Structure formats: structure tokens, C-alpha cells
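Peer 1: Starting from the known structure of chain A, fit chain B with the ligands onto it as the hints suggest.
Below, each chain spelled out in residue letters.
2 protein chains.
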Amino acid sequence: MTLTDWPTITDELAHLDLITDPTGVAKLSLDYYHFSPILEKKLQDKRGNLVIRPVNESEVLQIAKTCVKHKVPLTVRGAGTGNYGQCIPLEGGIILDTTKMNQIRWIKPGLACVEPGVKMAAFDKKAREIGWELRMAPSTYRTATIGGFIGGGSVGMGSITYGQLRDRGSLRAVRVVTLEDEPRILELRGDEVQKVNHAYGTNGIITELEIPLAPAHPWVELIVVFDEFMTAARFGQALGDSDGIVKKLVSIHAWPIPSYFTALESYLPKGKHCAFVMIADYDLEPFQDLVKEYNGQVTYQKTPQEASKGTSLLEFTWNHTTLLARSIDPNLTYLQTFYFTLERVEQMYHHFGDEAMIHLEFLRFHGKAIPAGLQLIRFTTEERLNEIIRYHEEQGAGIANPHTYILEDGGRKVIDLDQVCFKEKVDPYGLMNPGKMRGWLEREKA
Amino acid sequence: MTLTDWPTITDELAHLDLITDPTGVAKLSLDYYHFSPILEKKLQDKRGNLVIRPVNESEVLQIAKTCVKHKVPLTVRGAGTGNYGQCIPLEGGIILDTTKMNQIRWIKPGLACVEPGVKMAAFDKKAREIGWELRMAPSTYRTATIGGFIGGGSVGMGSITYGQLRDRGSLRAVRVVTLEDEPRILELRGDEVQKVNHAYGTNGIITELEIPLAPAHPWVELIVVFDEFMTAARFGQALGDSDGIVKKLVSIHAWPIPSYFTALESYLPKGKHCAFVMIADYDLEPFQDLVKEYNGQVTYQKTPQEASKGTSLLEFTWNHTTLLARSIDPNLTYLQTFYFTLERVEQMYHHFGDEAMIHLEFLRFHGKAIPAGLQLIRFTTEERLNEIIRYHEEQGAGIANPHTYILEDGGRKVIDLDQVCFKEKVDPYGLMNPGKMRGWLEREKA
Ligand SMILES: Cc1cc2nc3c(=O)[nH]c(=O)nc-3n(C[C@H](O)[C@H](O)[C@H](O)COP(=O)(O)OP(=O)(O)OC[C@H]3O[C@@H](n4cnc5c(N)ncnc54)[C@H](O)[C@@H]3O)c2cc1C
Ligand SMILES: Cc1cc2nc3c(=O)[nH]c(=O)nc-3n(C[C@H](O)[C@H](O)[C@H](O)COP(=O)(O)OP(=O)(O)OC[C@H]3O[C@@H](n4cnc5c(N)ncnc54)[C@H](O)[C@@H]3O)c2cc1C
Chain A
1 MTLTDWPTIT DELAHLDLIT DPTGVAKLSL DYYHFSPILE KKLQDKRGNL VIRPVNESEV
61 LQIAKTCVKH KVPLTVRGAG TGNYGQCIPL EGGIILDTTK MNQIRWIKPG LACVEPGVKM
121 AAFDKKAREI GWELRMAPST YRTATIGGFI GGGSVGMGSI TYGQLRDRGS LRAVRVVTLE
181 DEPRILELRG DEVQKVNHAY GTNGIITELE IPLAPAHPWV ELIVVFDEFM TAARFGQALG
241 DSDGIVKKLV SIHAWPIPSY FTALESYLPK GKHCAFVMIA DYDLEPFQDL VKEYNGQVTY
301 QKTPQEASKG TSLLEFTWNH TTLLARSIDP NLTYLQTFYF TLERVEQMYH HFGDEAMIHL
361 EFLRFHGKAI PAGLQLIRFT TEERLNEIIR YHEEQGAGIA NPHTYILEDG GRKVIDLDQV
421 CFKEKVDPYG LMNPGKMRGW LEREKA
Chain B
1 MTLTDWPTIT DELAHLDLIT DPTGVAKLSL DYYHFSPILE KKLQDKRGNL VIRPVNESEV
61 LQIAKTCVKH KVPLTVRGAG TGNYGQCIPL EGGIILDTTK MNQIRWIKPG LACVEPGVKM
121 AAFDKKAREI GWELRMAPST YRTATIGGFI GGGSVGMGSI TYGQLRDRGS LRAVRVVTLE
181 DEPRILELRG DEVQKVNHAY GTNGIITELE IPLAPAHPWV ELIVVFDEFM TAARFGQALG
241 DSDGIVKKLV SIHAWPIPSY FTALESYLPK GKHCAFVMIA DYDLEPFQDL VKEYNGQVTY
301 QKTPQEASKG TSLLEFTWNH TTLLARSIDP NLTYLQTFYF TLERVEQMYH HFGDEAMIHL
361 EFLRFHGKAI PAGLQLIRFT TEERLNEIIR YHEEQGAGIA NPHTYILEDG GRKVIDLDQV
421 CFKEKVDPYG LMNPGKMRGW LEREKA
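Listed in order, the protein sequences are those of chains A and B.
Take the first sequence: its position 250, counted from the start at 1, is 250 in UniProt numbering, and no numbers get skipped.
Take the second sequence: its position 296, counted from the start at 1, is 296 in UniProt numbering, and no numbers get skipped.
Bound-form chain A, shown alone (with noise of 0.2 Å):
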């Protein structure tokens, strides 16, 4: 490896807003990483040499051009809430923090074009003056930026409705900026997008996304209590299979995890497990049927207005669980399943007990209403966990392992070639965020 040749590099960029102290750049260079105690050990040291805020693409082209002449390597950063450190820089190099390219290009109805740093929770601020909102957002949502969410995400609330961000359908359109001999910018549009969605910012620099937007609803947020945990868990299923029933977020959490909820307390009735759910404001009446079907009792209601004022149940659900849960008892950690059928959730709840407390997110996958799991794992060893992952996908479980950094081995488990070619022809150096694609690693090997 040659010496990379930094006061030119920052000479070359100076005209940019650049972060080089190291406490600024140690701060931009982490994630949320830490929820892993595996990833913990092994990234904590990690860090970026120069922070760059491009405020344009031209900005970002100019970057790419440094980086490919230098051959540094560049990774991308958004808000960095990911949680699999996604944009922890295993080299070092450049982060490029797209926080200040947040410019709005369009919103109408059904459609919007954004540059990759604007927040999701702004974005959703000026869609609804035109009644539209995101189809799906991540609880992070007040932070996390559109790209960050394309380029590490996967579902949220809004998921129960719309599906993953990996259907077709979820992402319209991208611009990258190439890290080619002579960089450019690229347009894929449809099933092409593929090529960069979820990609960990490993094949191109995404500098402007076209999403599709849901109708905004006027969202009810509600907690239901239940004395049974499979009742609760049964009442998601129902609630996700109510075709009359619009709603946003179903997050099923068993006891004692509402017990991490402190804020919340007062509607937490001890040993009671808990429904978290938005209900479109005109869809009470069924809901409270529902509710009633299955024993339920409604222990907070906010109006739409209510709701948008205070802190949302949202940011107690998806990984925000696990956050607030991790704050109390550091020693936890969680999962990410892929459960299926109840009859798996049930199966699970029974044999790992306390050990693994269900934490449930409905979502839609190919069309079906299926429990997801976020469990909050009492952490011992990497032996037991990796046991306790083992034995999920023996029962048939699919687990999307949030203890690795490597692109493959999280969610899809298979090399998609789609993605490694794209990066062969956007990347030849293999300057983007390296050693987080597998199938650039073993190609490097073969």
C-alpha cells in the first residue's frame, strides 16, 4: 500500500467544507454499531482521515475525482444511525457526509425527487401540505436521512402497507456519481435501481433519489394491552390481515420489554404485553372493534394533532426498542427475524423465555402480513448467540444477522451479481466503502 498523500488531497478539496480535527471526524466516522456487541469489538476503532460536506453533485463529482486519482478510499455517511456500522469506514479515507445536500427538487402527488441528505421526518413536513407522505420510514425518521435509508435501511412503519424498500416499487429512480477513471453521473431508473438499493453505499454515490409517496392519512396512535402475549401477537396478525382497517405501524412487544418504556409507564400495566399501532383516523370504529374480538384494552389514544406534538409511540418501536431497552440494560442486545407464522413466534417465545423477549413488527412481505422480530437477546457469549441465530433458522426462521458488517451475510445471504458487476463497472478501484461486499472481496481473491 502507497502513502496516501493527504495535505495534497486537502488541498485539492479546500474549497469544500471539510472536517479534519480528529474528535469532529471520530464522531462523523461511528454508527449505532454499538447495539452489537460483536460489531462493537471490532469497529470501535475505526475511523475516517477527512470529513467532506459536499453541498451539490458537482461537489460530489469533484470529491470522486480526488478520490479515484489518490486512490482513496471514499464512504458515504448520511445521518449514520445505521446499525450494523454500514458507514464506518474499515480504511479510513474519506467520508463523504451528505448532510448538507438536502435540497427538496419536487413533491407531487404519488412522487417526489430528493437530494440523498434530506431528513425523513422535514421531507414528510412539506409532503403533507400537498396530503402525501413516505410510503415506509424507519423509527430513526426524525434523523435519518432519505439516502442513508436507501442505502442501508430496509423497512419501518409503513412497512404493514407498503412492504420492504427492496420491492419493486419502493425506489424509482437513482443518480450516481461513479468512482470510474473519469467519474460520472449515471441514471437508473425501475428494476435498474436495484444495482445501488441497499448497497451500503459500496457502487455509486447517490445524489438524487425519485421515491413514491402513500397518501397521509391522519395517523391515531394507540396502545392496546393484552393479558396473553399470543393474544397480542394474534391481534397483529388480525390487525395486519383487516383489509378494512388502514394502518401504519403494528409492533407487538411481550413482557417485560413495555417495562423499558419508562415514559410510558403509566399505560403499561405490569406483566400486560403490549400493541403499539396508527390507525387512520377513520378507521377507529373497526379497530375498536377489533380490539374487542381479542380482549384488548386501549390504554392511550392521541389524536393526529396530539401525536405530532409530543413523542411519537414510533420512537418507541422498530430499533427504537431496542435503544430505550439497551439504555436501562446494556447488556442486551437483539435480532432481526423473519418468524413468518405464529405458530414460529409461539414456538420461539416458549423455548428461549426470558432469554429472548419477543419483540414483534408486523410488515408486508410479497403481499402477506407476516410478524417480524426485533428480540431483545440477554447477551452472553458470540458462541450463544450464534447458537440461538442456529437454531432460529433450523425452525425455519429467516434471520437477518445485525451483528455483521458485511453487506451479504446481514440480510439476503446470497452474492447478488447484479451488484457486484455495477460495482466492477462503477468502481473499478474498489474505493467504495471497502471490505463490506463479499462478492467484491472473493472476487478480489479469485
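Because the hints were derived from the structure by calculation, they are not lab data.
In this text the structure is predicted, and so the values were computed from the model without any measurement.
Some hints could be false.
Restraint-style ranges between C-beta atoms, simulated for each label pair [as the list claims (entries may be wrong)]: (1) A:Lys126 - B:Asp17: 34 to 42 Å; (2) A:Lys368 - B:Ala121: 30 to 38 Å; (3) B:Val414 - A:Gln305: 43 to 51 Å; (4) A:Glu265 - B:Asn56: 47 to 55 Å; (5) A:Lys126 - B:Glu265: 45 to 53 Å; (6) A:Thr231 - B:Gln305: 33 to 41 Å.
Think of the CB as a built atom: it goes at the ideal place given N, C-alpha and C, for glycine as much as any other residue.
Peer 2: For chain B with the ligands alone, kept in the frame of chain A given last:
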């Protein structure tokens, strides 16, 4: 049976809008029962004695009082487009035609309140002014009434997203006039509405309905053709399962069914199987990628503006398919089938060949997109028809038999105790649409 004193009855109601001439009464005594050769024989001679067209609830109340006083049967009629003789009076009596009760009480985001005689297309025109539309509607949308759809219908365009009329949430509240000794007005809300939902007007005259609405997307209408029938069917399932594509209609037709659509001849190549779909215009791009994946060919595409002018593709789907086919070959009849799976569709396709031409409508059934069939059957004998039904049922398909006018024998098969008990209360003399509810007939026998 005592003789009915028609002169006195007519006198009592003389201030209302009456039709007494036999041709007028005959016309308003029948519906589209003739799609079934079995029902045709049984029902063609049935007639009411008197048609009344009330303009409001208080007139309905007067009619109810007269019916109870004289113990004359009362059959409610909307537009009379039912297919099972739902509104054909088996024992004569008064026909209460709702078409003059066509006031829209209010429309607000997500919900509306209407009188029963409001026509669906007329309603949508109004609702679209504020960006909303009916969640589901039959292919008789232009002529049928909302009250009649609730009283005798079940599914239609929109069902691929919002499920069936019988699903919780599809009907929110009703006001009904009873035929008690002292007729009353009752309001049913929430799950309670199931007491009168799809009851063929046997247990209360609905005078007002509260119904949920859907965001009115701009729907593009398309025809896609395929070489293989099962590819078309799989395409339909995939579209139904595509959470990222907002749609309203997924209708699949095996050749030779398209040959009956003479008005669309130029878009329907000979021997090819076709899909008729409605897609939200902002989702056309992913839709086209899906078409490509299944090697389909788009032969027809109308923008929402164009579609709203000419004949909608809707009027080639659902039971309009049967209507058009029968206009060319009156020997055809049909079945209504829940195949549930494509495997079963394929098996039936091969098993019956030309005798049962497969027409699928995809709809959501408890949260899952499933293929339902309105197969065209080449009718020979009643025995053979029953044999075909039996075979389907033996193979696990559900048949909603359109060859019976008995409520329970059509769809649900089982007696709905809630509905029978409610009838006991609101129609103690069994005057409402007599002879249609098996649960009541058996109770009378016992
Ligand atoms: C408490 C908590 C809750 C969470 N809940 C959810 C959840 O509900 N659902 C979910 O999916 N995730 C969730 N996450 C993970 C994460 O917050 C989201 O995926 C979020 O959308 C990431 O956005 P970001 O801006 O922080 O991206 P970053 O973490 O900055 O980046 C993510 C990845 O995208 C790449 N990237 C970013 N911008 C670009 C670009 N312009 N071009 C190319 N690549 C780019 C980065 O290189 C990185 O690999 C959660 C995380 C936490 C800590
Ligand atoms: C070509 C064709 C296509 C069709 N397509 C579909 C389809 O896609 N989906 C579908 O579900 N159906 C379909 N149908 C059947 C029918 O058109 C619909 O169900 C339609 O909604 C019925 O409305 P209507 O006003 O004609 O009702 P009617 O036929 O007049 O009445 C239907 C039933 O409701 C009762 N009723 C009517 N008004 C009231 C009231 N105010 N109170 C109490 N009871 C009442 C009547 O007594 C009767 O039993 C089709 C029929 C035809 C001929």
C-alpha cells in the same frame, strides 16, 4: 292465507309515488337472475303487486306501517342488478324501490353518509371533488345503488386492496326501518351492521348508510396479453402481491373469453390470454417492469382522463364478462369460485378445458391476494352444473353458488344466527323478502 285488500293499501299510500300498471310492476319485479338457467325457470313469473318509490325515511316508515297492518310482503329494490333474484318478490306484495332516496348526506375525508338509492358512479363523482372514492364497487357501478350493493353484492374493483364487503370496516353504520307492530328506526354501528349486511333486505329497510372511502388515485387502465394462460394467472398473483404497486383491478381472462369482447377486438390478439388492470398512474413504471418480468405485452393503455371519458375496462370485468359473453352465446352461464391458490386454478384449467373458461378476479381475502373465479360455464344440464360445483368443492375450492336465491346457499353456506335473531326482532311476521333466508324458513318449519 287471507286475501290482501289491495284497494285499501293503495288508498292508504296514494300520496306516495306508486306504480301499479302491470308492465311497470313487472319490469321492477325482476333482476339479472337470467344469468342462471336454473333461476330463470324458477323466477321468471314472479311479480310484485305494487311498486312504491319513497323519497325519504318518513315515507319508508309509512310503507312499513301499512305492510305490517295488512301483513303484506315487502321486497326492497335498488337498481335491480342482482344476479340471484335477490330482489325478486317470491310471494308478491309491495316492491319498495329506493332509487328516489338518493341524497348524499355528507362526504368527508375517509367517510361518507348516504341514502341507499345513491348510484355508485354518481357518488364517486362527488367524492372525487375532495379526493376520495368508494373503497370497492361492482362492475355495475354506473347503475347500481349503494344500498343494493350492501344488500346483495359482495366484491368488486378495489377489492384487491380493501377486501370484501363483509369484512370488518367495509360498512360503518346503517339506519334501518323495522316491520314490527310499531315500525321503528334503528341505528346499527360497527360490528352490529353485520346483522343486516348482505341480508338481501330480509331484516330491515336500510334508509341510510355510513361507508368508508379510499383516496381517489388517478387510475390508468391497461390490457396486457400473454401467450400462456398460467403466465397471465401468475402475473395476476404477482401484481396482487406487489406491495409497491397501488392497484384497483386485476382481472385475468383465458382465451377464448377475450373473443367475446368485440369492442376491444383490436387490442386482443387471437389465442392470447389477457389481464385487465387499473394501476395508480405514479406506479406505472414498476408496473411495466412487472409486465416485462412475465413477458407480457401491453396492448392498451388509457390515462385516467381518457379512461373517464370512454367505456371503462371495468365493464369487461367481474360479472360484466358474463354479460358480454352471454350476449354472444346465451348458452353460457357462470360460477363464483374461491380457488385460493394458483395450483388449484391450473388443475381446474386442465380438468375442465373448454367447458369452464377461466376468468379470474384477484381480491384480498383476510389480508392475502387470492384468485377468485367467475368462470364461464357451457351449460348442458342442471345435473352437470352441480357435478362441476361438487368437483370444485371436493378439490378444496369454495363455490359461492349463483344458481340459488337462498341467501345462505349462495355464499356463506351456514345459517347466520345473528341475522336470524335480528329478523325475529325487526320482522316478526316474516314479511321482508319472504322465502330468501333459509334460517328463517327452517325456524318457521320448526
Ligand atoms: C434506534 C434506531 C432505530 C432504527 N430503526 C430502523 C428501522 O425502523 N428501520 C430500518 O430500516 N432501519 C432502522 N435503523 C437503522 C437506520 O437508522 C436507518 O436505516 C436509517 O434510515 C439510516 O439512515 P442514515 O441517514 O442514518 O444512514 P447512514 O447510517 O448514514 O448510512 C447507511 C448506509 O447507506 C449508505 N449511504 C448513505 N447515503 C448514501 C448515498 N447518498 N449514496 C450511497 N450510499 C449512501 C452509507 O454508506 C451506509 O452504508 C435504526 C437505527 C437506530 C439506531
Ligand atoms: C353485469 C353485472 C355485473 C355485476 N358485477 C358485480 C360485481 O362486480 N360485484 C358484485 O358484488 N356484484 C355484481 N353484480 C351484482 C349487482 O349488480 C351488485 O351487487 C349491485 O351492487 C347490486 O345493486 P342494486 O342496486 O342493483 O341492488 P338490487 O339488485 O336492487 O338489490 C340487491 C339486494 O339488496 C337488497 N336491498 C337493496 N336496497 C336495500 C335497502 N335499502 N335495504 C335493505 N335491503 C336492500 C335487495 O332486497 C336485494 O336483495 C353484477 C351484476 C350484473 C348484472
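Peer 1: A separate judgement is required for each hint: does it hold in the structure or not?
Peer 2: To see whether the hints hold, each was checked on the structure:
The hinted range of 34 to 42 Å is not satisfied by Lys126 (chain A) and Asp17 (chain B), whose Cβ atoms lie roughly 54 Å apart. Between Lys368 (chain A) and Ala121 (chain B) the beta carbon distance is about 33 Å. The supplied range of 30 to 38 Å therefore holds. Evaluation of the 43 to 51 Å hint for Val414 (chain B) and Gln305 (chain A) yields a pass: the beta carbon distance comes to about 44 Å. In this structure the supplied range 47 to 55 Å holds for Glu265 (chain A) paired with Asn56 (chain B), their Cβ-Cβ distance being about 54 Å.
The hinted range of 45 to 53 Å is satisfied by Lys126 (chain A) and Glu265 (chain B), whose Cβ atoms lie roughly 48 Å apart. Under the hint 33 to 41 Å, the C-beta atoms of Thr231 (chain A) and Gln305 (chain B), about 49 Å apart, miss the expected range.
The structure does not agree with the numbered hints 1, 6 stated previously, though it agrees with the rest.
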